[in-house]
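Protein chains: 2
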Amino acid sequence: MAQNIYDDPGFFAGYSQLNRSLHGLDGAPEWPAIQALLPPMAGKRVVDLGCGFGWFSRWAAAQGAAGVLGIDLSARMLARARAETSHPAIAYQQADLETLELEEARFDLAYSALAFHYLADFPRLVATVHRALAPGGHFVFTIEHPIYMASTRPGWLARDDGAHAWALDHYAVEGPRETDWLAPGVIKQHRRMATTVNALIAAGFTLAALDEWAPSPAQLAAQPALQDEVERPMMLLVSARRG
Amino acid sequence: MAQNIYDDPGFFAGYSQLNRSLHGLDGAPEWPAIQALLPPMAGKRVVDLGCGFGWFSRWAAAQGAAGVLGIDLSARMLARARAETSHPAIAYQQADLETLELEEARFDLAYSALAFHYLADFPRLVATVHRALAPGGHFVFTIEHPIYMASTRPGWLARDDGAHAWALDHYAVEGPRETDWLAPGVIKQHRRMATTVNALIAAGFTLAALDEWAPSPAQLAAQPALQDEVERPMMLLVSARRG
Numbered sequence: 001m002a003q004n005i006y007d008d009p010g011f012f013a014g015y016s017q018l019n020r021s022l023h024g025l026d027g028a029p030e031w032p033a034i035q036a037l038l039p040p041m042a043g044k045r046v047v048d049l050g051c052g053f054g055w056f057s058r059w060a061a062a063q064g065a066a067g068v069l070g071i072d073l074s075a076r077m078l079a080r081a082r083a084e085t086s087h088p089a090i091a092y093q094q095a096d097l098e099t100l101e102l103e104e105a106r107f108d109l110a111y112s113a114l115a116f117h118y119l120a121d122f123p124r125l126v127a128t129v130h131r132a133l134a135p136g137g138h139f140v141f142t143i144e145h146p147i148y149m150a151s152t153r154p155g156w157l158a159r160d161d162g163a164h165a166w167a168l169d170h171y172a173v174e175g176p177r178e179t180d181w182l183a184p185g186v187i188k189q190h191r192r193m194a195t196t197v198n199a200l201i202a203a204g205f206t207l208a209a210l211d212e213w214a215p216s217p218a219q220l221a222a223q224p225a226l227q228d229e230v231e232r233p234m235m236l237l238v239s240a241r242r243g
Numbered sequence: 001m002a003q004n005i006y007d008d009p010g011f012f013a014g015y016s017q018l019n020r021s022l023h024g025l026d027g028a029p030e031w032p033a034i035q036a037l038l039p040p041m042a043g044k045r046v047v048d049l050g051c052g053f054g055w056f057s058r059w060a061a062a063q064g065a066a067g068v069l070g071i072d073l074s075a076r077m078l079a080r081a082r083a084e085t086s087h088p089a090i091a092y093q094q095a096d097l098e099t100l101e102l103e104e105a106r107f108d109l110a111y112s113a114l115a116f117h118y119l120a121d122f123p124r125l126v127a128t129v130h131r132a133l134a135p136g137g138h139f140v141f142t143i144e145h146p147i148y149m150a151s152t153r154p155g156w157l158a159r160d161d162g163a164h165a166w167a168l169d170h171y172a173v174e175g176p177r178e179t180d181w182l183a184p185g186v187i188k189q190h191r192r193m194a195t196t197v198n199a200l201i202a203a204g205f206t207l208a209a210l211d212e213w214a215p216s217p218a219q220l221a222a223q224p225a226l227q228d229e230v231e232r233p234m235m236l237l238v239s240a241r242r243g
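Chains A and B supply the protein sequences, listed in that same order.
Just so you know, the numbering used here puts 87 at position 87 of the first sequence, and the rest follows in order with no gaps.
Just so you know, the numbering used here puts 50 at position 50 of the second sequence, and the rest follows in order with no gaps.
Rather than coming from a laboratory, the hints here were simulated on the basis of the structure.
Take every hint as true, because none was put in to throw you off.
From the structure, some residues in chain B lie toward chain A, with a derived Cβ separation under 10 angstroms:
| id | residue |
| --- | --- |
| 1 | L157 |
| 2 | A158 |
| 3 | H164 |
| 4 | A167 |
| 5 | L168 |
| 6 | V197 |
| 7 | I201 |
| 8 | A208 |
| 9 | D211 |
| 10 | A214 |
Predicted model, so just to flag it, every value in this text is computed and none were measured.
Using N, Cα and C, we set each Cβ at its ideal position, and we do this for glycine too.
Bound-form chain A, shown alone:
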């Protein structure tokens, strides 16, 4: 079973204060780039894998999705998602993505934001999603970028002149990385970019696009701290298609 860190009270309290938790999709600077990868929602049957507070599920329903199934491991997150959702097209379900079962050809779009880097068995999830999509179905997801995850001691190192560079090491060593983000001992799973892409291809997906998200000039002007994202990507956006 995946670590259920989102139900840790300290983690949950911290996570609830993030911009993306307070302001939803518009609080996530990568949201415009994700939208560019998404098909039109009208009439789509959508599964939202790691739906959290349900921001995307509600957006998809508001855009005309025929149905949205939001899935998350965290009881706390689902409780808030349910409390904030009244749209009849949305249902929520508590499940672990490591052991998830989905009906065959049940969905037109599988979406996930910043959840899969917690999974130890990514190929199993990809095979499950492939089966669950109708032919021509879309698979759009974001994960932490492997450049961001690779180091066993991630962070910035100072150069002699005071400039900083992101520390990269252990890139080829895949597997768990323990970090203290909002709570001590959060476990993430580092995979190389090639490993993620090859898992999709092996399952039968056709890769449609990658985006190593970086801020636009306007975003950078409004939020100078996003310069870090120019130096090293924190997020990888992936779009694939079931043939």
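Fit chain B to the known structure of chain A by using the hints.
Same frame as chain A, but now just chain B:
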């Protein structure tokens, strides 16, 4: 026109002393990983883009390729390739990959090793290769990994405890990088991994596999210095298919 650094006498002298120049394909530790991406050569019409001393062209011909066209910008490299080649299936041609023209549907495999990171206009080359391949044709190439190229001051930074980490910065800033490798002022072109992959997809290719090359345990035991390649990838191997 691309910088013709390989015809710089100092660069050429240094390059000629590299393991991969002295020992050919077997002097390149990534060669087994490249072979895993290649289709059988028998009967194939092959173009070798940036053929250098012709090691791959000769290997392909020896494996039964129907014909091999080796293309390089460097007169010095082509002179040595021609001097060392007697196979009737091989022809060499001097051309700049930035402005290369190839006949339509003329080849079954386009191959390139560590050449495309010198090109400013990668999409033009990809479109040229797509047109030059017959339907079902293979496109297999290696480039310097963008993690290796990104920094404006590439190299290792020391941590307090003496461990080292690769310096990553300016990853999202694509364009020229000047380095002093074998000669001062070598110009390479940094592109993000997503940019390379998306250029292939935009031209009509289907991505078949990526490999961010790292040494095998046996290679690491034989050459401990290859540990650097575990910390951060130096090479990206790409396999794509024309539909």
